[in-house]
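Colleague: Construct the entire structure; sequences and hints are all you get.
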Amino acid sequence: MSRIGVFICHCGENIGRTVDCEAVTEALKDHPGVAFTEDYKYMCSDPGQQLVKKAIEDNDLTGVVVAACSPHMHEKTFRRACDQAGLNKYMCEMANIREHCSWIHEDRGEATEKAVDITRTIVEKVKHNQPLESIHIPVTKRALVIGGGIAGIQAALDIADGGHEVVLVEKEASIGGHMSQLSETFPTLDCSQCILTPRMVEAYQHPNIKLHTWSEVEKVDGYIGNFTVKIRKKARSVNEDLCNGCGDCQEACPAKRIPSEFEAGLGNRTAIYVPFPQAVPNIPVLDRQNCTLFKGRRKGLAKDACGKCKEACLKDAIDYDAEDTFIEEEIGAIVVATGFQLYSIGREQPEGLKGYGEYGYGEVPDVIDGLQFERLASASGPTAGAILRPSDGKEPKTVVFVHCVGSRDSEKGISYCSKICCMYNAKHAMLYKHKVHDGRAVAFYMDIRAAGKGYDEFSRRAIEEDGAEYIRGRVSRIFRDGDVVKVWGYDTLSQEQVVIDADMVVLATAMRPQDGVRELAQKLSVSTDEHGFINEAHPKLRPVETNTAGVFVAGACQAPRDIPDAVAMASATGAKVLSLFSADELEREPAVAIVNENTCIGCMNCAKVCAYGAIEQREICTVDGHVCGHVAYVNPGVCQGCGTCQAVCLSKSVELQTFTDEQIFSEINALCYWE
Amino acid sequence: MSEVREVARKLLTDGTVRVIVGWEDARRGARPVFVTDPADTERLIFDTRCVHNLVTYLNPRRDNVAELGKIGLVVKGCDAKAVAGLLREAQLTRDDVVLIGVRCGGVLEEAELPKAASLSPENVAPRCYGCDNREPELVDHLLGESQPEPPRPVMTIDERVAALDAQPLEERWAFWTEQFSKCVRCYACRQVCPLCVCERCVAEKSRPQWIEAPPHPRGNLSWNITRALHLAGRCVDCGECERFCPVGIPLSLVNRKLQHIVAERYGYTVSDDPESPAPIGDYRLDDKQEFIK
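Respectively, the protein sequence lines represent chains A and B. Read in order, the letters of the first sequence correspond to residues 1 to 675 in this note's numbering. Read in order, the letters of the second sequence correspond to residues 1001 to 1293 in this note's numbering.
Calculated from the structure, these hints are not laboratory results. Among these hints, one or two may not hold up.
[As the list claims (entries may be wrong)] BS3-like mimics (lysine-lysine), calculated; alpha carbons at most 30 Å apart, straight line: (1) Lys-1288(B) to Lys-230(A); (2) Lys-303(A) to Lys-233(A); (3) Lys-1257(B) to Lys-171(A); (4) Lys-76(A) to Lys-576(A); (5) Lys-1010(B) to Lys-652(A); (6) Lys-523(A) to Lys-1288(B); (7) Lys-171(A) to Lys-233(A); (8) Lys-1205(B) to Lys-1182(B); (9) Lys-230(A) to Lys-523(A); (10) Lys-433(A) to Lys-397(A); (11) Lys-540(A) to Lys-523(A); (12) Lys-1205(B) to Lys-127(A); (13) Lys-433(A) to Lys-453(A); (14) Lys-486(A) to Lys-354(A); (15) Lys-354(A) to Lys-1182(B); (16) Lys-53(A) to Lys-41(A); (17) Lys-608(A) to Lys-1257(B); (18) Lys-171(A) to Lys-76(A); (19) Lys-608(A) to Lys-1182(B); (20) Lys-394(A) to Lys-486(A); (21) Lys-652(A) to Lys-1115(B); (22) Lys-1288(B) to Lys-608(A); (23) Lys-1070(B) to Lys-608(A); (24) Lys-210(A) to Lys-233(A); (25) Lys-523(A) to Lys-219(A); (26) Lys-1182(B) to Lys-219(A); (27) Lys-1182(B) to Lys-652(A); (28) Lys-76(A) to Lys-523(A); (29) Lys-1205(B) to Lys-652(A); (30) Lys-1288(B) to Lys-412(A).
Predicted model only: the values in this text are computed from it and were never measured.
Modeller: Here you go:
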């Protein structure tokens, strides 16, 4: 006979406000199999835990139900307490009467009834719990960092400095990410390249960092401490070992008018190119889409139409027949740092976003986005740092900056604040005024959000010292009128229409997650929010972890982040990874699937749907060793306990320990029985 | 059907197979036959009365059939889909069986007739209408002449499903409650199904007992819904469950409805290609997941 202790927590006011905890205690007191009940203000506190421990010892309890918060929150806490009191920790379960009950209901009577039902179902479950042992698995002390922007570089450096190998994968030809495109950085106006490029070189030369640029993660198998990652090294057409980065190939390339991604379309590059002079590694890639030779091959020309770069290369490093190659890496922890992209100002909009037709969909050449302005202001940019407008190369005398283009506009598909725009607009206004002394900088803003060390002072400086004009209001229309760009807006403070004849307009477009992040998230089994940002495990207490153990998240792929945030997050993931690597073995919960070999028919549907590759076919033999069939076998070290196999098993031969059919059935019955 | 007899005789004589499973003409009409002696191949027939899905004898847990040795099986298109189903779920390897395929122009609703009848809207098995596999590809031998399409039955299964779908929820519920209340839990539907191959059926599981055993309405509902769901994306529409049901539950309507849902949700239609992954044994990055909020 079960002797179960039921402990009801008020969680301060969190539960007690809506649920009558004494009534729940009273209702459970005479429930069959319940030997002890008690309620307490904060069960997770030290006195609360002592109460649980004492009750186990005094009443010889065989199981414990803590009716409190989500198991995500405190299951570990109470299981540890049970373990200390000598009760197998897997005999302890949480009944979630907070997130599932008190937080979402208002009526005290009904909420109390529901809390009783929830607690009863878990009591019935615990009656079928079995004492289990934790699983111990080895850890591969090697990390994978996906994305070589500032966040990825920082995470890789921290882990590598901690003494562990890091594989850094970057999909572009160079590491550096968006930060390498920036001119100067707020709030100190130090040069972005000057602070970033040394880090890039450090990452490249670090003995513990293995860098794969022009590469993408193809497939991820395994689980925390034991991932196998397949990396696609896209055909670079340049042998990385032979190339010495002399640049002769770029000189020779006849296709010179391809819009440069690094210059945000404001400059040109060749078909074989290094994205920017400070690129790391300084090895070009051949853009086959725009290459004359490959264009010819696609047309089916018998003879190659070009070959100038190969002729120019003294190292014979160029290989037109190179193909994508794949490498496999054994990895223990993964940091996702795939960064962001900007909301497009063009006509083409991804699904769910409406774009800004009223701003001319970016068809007015002198309407540019923030990143393009960065390139104009950058000493290494297409204008060598002179602010010249794209249409005619003249110096603009009036520049309008528009905040919140895309951001905070759920009508257009994005409800969130992109966080960095207020600051970079102030910076842009400042940089502009520093370079064009007689120029006029006008900013249309909704609110100025400058929370951060030195941030508000910085944006005040743009207004007070550099004379940027800030107009609180939105812009309704932007269009070309002869030589000028007409900006129609509304000043909500003076309640007047504003029309400005601008020479150039800079749109502070929203930050969005990179394309392909959803696919990557699926490969990693992590979730994304409705915008495609990767979800953290807990917004406050686990901000750099994801719901998949061993996968961490840093930088703007999780939410809009500025550089200090991204770097702080990256270092946090570094600390998480290093603490994971500090032990040789990991302890895992025994929530794994078990196959009943007596009833399994070996249809192997479970193996086909297992996202972790944990299931294999195993032959079974008769007593005299004669093979008589096959069944499924679940490798407990690999199984993550997701239960998908259990769901597809028609013969009901797979069960998840800690969620067996009998446990779930008893829970359902508990709801039906005591009506 | 001299071609079938000839191939069967050859397979038995040269020892390729030890038994041919096909149809014969018996006192009450067409019925399955197991031929082990080449001389007996003369008994084999194939005509519109050959409605049985003989793939049910390939169930690896039917020991007495397996003991006879390697099987040569005569299959129609729908039967071949069932073989593909077994291959897909590793219940069989392709070398375990020689498939003698017959070109099929549809079969009768009823096997127990003294002689073959030509098909008409009144007597044709409704499932044959619109069949997409009248010349199976999975087979080792494809025999017979090309056949005309089966006639359109008086009311097609799709029309019957649509008529039910058009009813309000309460009426549909009443209809099925009524139908399932007739069930006597003889499990003939399961025993005859070529794809119900579990060692221990979930209906017989007792700890916990998901499906209550006695033939009362609640247990009947559990059983019939479970049976249907277990065949979603697997059912080959051979119609044997409905034909064998002693109380006349229109199981083909349930099966067909599920086929529609599977086609709509997963873009999947059951075929005789064993390499095409059935939805239950498939995991795709683009699987619909709008139900995850």
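Colleague: Hint by hint, say whether it matches the structure.
Modeller: Verification of the hints:
1. Straight-line distance between C-alpha atoms of Lys-1288(B) and Lys-230(A) comes to about 25 Å, which keeps the hinted pair within the 30 Å bound.
2. In summary, the hint linking Lys-303(A) to Lys-233(A) is supported, as the alpha carbons are separated by about 28 Å, within the 30 Å threshold.
3. Distance restraint check for Lys-1257(B) and Lys-171(A): the Cα-Cα separation of roughly 46 Å exceeds the 30 Å cut-off, and the hinted pair is therefore not satisfied.
4. At most 30 Å may separate the alpha-carbon atoms for a hinted pair to count; Lys-76(A) and Lys-576(A) meet this at roughly 18 Å.
5. Taken as a hint, the Lys-1010(B) and Lys-652(A) pair is broken in the structure, with Cα atoms around 43 Å apart against an allowance of 30 Å.
6. Restraint check for Lys-523(A) and Lys-1288(B): the C-alpha separation of about 16 Å stays at or below 30 Å, so the hint holds.
7. For the given pair, Lys-171(A) sits about 9 Å from Lys-233(A) by alpha-carbon distance, which is consistent with the 30 Å threshold.
8. At most 30 Å may separate the alpha-carbon atoms for a hinted pair to count; Lys-1205(B) and Lys-1182(B) meet this at roughly 23 Å.
9. The suggested pairing of Lys-230(A) with Lys-523(A) holds, with an alpha-carbon distance near 11 Å, which does not exceed 30 Å.
10. A distance of roughly 10 Å separates the Cα atoms of Lys-433(A) and Lys-397(A); the hinted pair therefore holds under the 30 Å criterion.
11. A C-alpha spacing of about 25 Å is found between Lys-540(A) and Lys-523(A), which places the hinted pair at or below 30 Å, so the restraint holds.
12. Distance restraint check for Lys-1205(B) and Lys-127(A): the Cα-Cα separation of roughly 20 Å lies within the 30 Å cut-off, and the hinted pair is therefore satisfied.
13. As the CA atoms of Lys-433(A) and Lys-453(A) are separated by approximately 23 Å, the hinted pair is consistent with the 30 Å bound.
14. Taken as a hint, the Lys-486(A) and Lys-354(A) pair is honoured in the structure, with Cα atoms around 22 Å apart against an allowance of 30 Å.
15. Only pairs whose Cα atoms come within 30 Å are accepted, and Lys-354(A) paired with Lys-1182(B) is rejected, the gap being roughly 56 Å.
16. This hinted pair checks out: Lys-53(A) and Lys-41(A) have alpha carbons roughly 16 Å apart, not beyond 30 Å.
17. Our distance criterion of 30 Å between C-alpha atoms is met by Lys-608(A) and Lys-1257(B), whose separation comes to about 25 Å.
18. Proximity of Lys-171(A) to Lys-76(A) is assessed by CA-CA distance (about 39 Å); at most 30 Å being required, the pair is judged violated.
19. Note on Lys-608(A) and Lys-1182(B): the hinted pairing is violated, with a Cα-Cα distance of about 38 Å set against a maximum of 30 Å.
20. Taking the CA atoms of Lys-394(A) and Lys-486(A), the gap is near 17 Å; set against the 30 Å cutoff, the hint holds.
21. Among the hinted pairs, Lys-652(A) with Lys-1115(B) is inconsistent with the structure: their alpha-carbon atoms are about 44 Å apart, more than 30 Å.
22. Taking the CA atoms of Lys-1288(B) and Lys-608(A), the gap is near 17 Å; set against the 30 Å cutoff, the hint holds.
23. Taken as a hint, the Lys-1070(B) and Lys-608(A) pair is honoured in the structure, with Cα atoms around 28 Å apart against an allowance of 30 Å.
24. A threshold of 30 Å between alpha carbons decides the hint, and for Lys-210(A) with Lys-233(A) the separation of about 13 Å falls inside it, so the pair holds.
25. The hinted pair formed by Lys-523(A) and Lys-219(A) meets the criterion: a straight-line CA distance of about 6 Å does not exceed 30 Å.
26. With a C-alpha separation of about 52 Å, the suggested pair Lys-1182(B) and Lys-219(A) falls outside the 30 Å cut-off, and the hint is violated.
27. Between the alpha carbons of Lys-1182(B) and Lys-652(A) the distance comes to roughly 27 Å, so the proposed pair stays at or under 30 Å and holds.
28. A C-alpha spacing of about 28 Å is found between Lys-76(A) and Lys-523(A), which places the hinted pair at or below 30 Å, so the restraint holds.
29. Under the criterion of a C-alpha separation no larger than 30 Å, the hint pairing Lys-1205(B) with Lys-652(A) is consistent with the structure, at around 9 Å.
30. In summary, the hint linking Lys-1288(B) to Lys-412(A) is supported, as the alpha carbons are separated by about 25 Å, within the 30 Å threshold.
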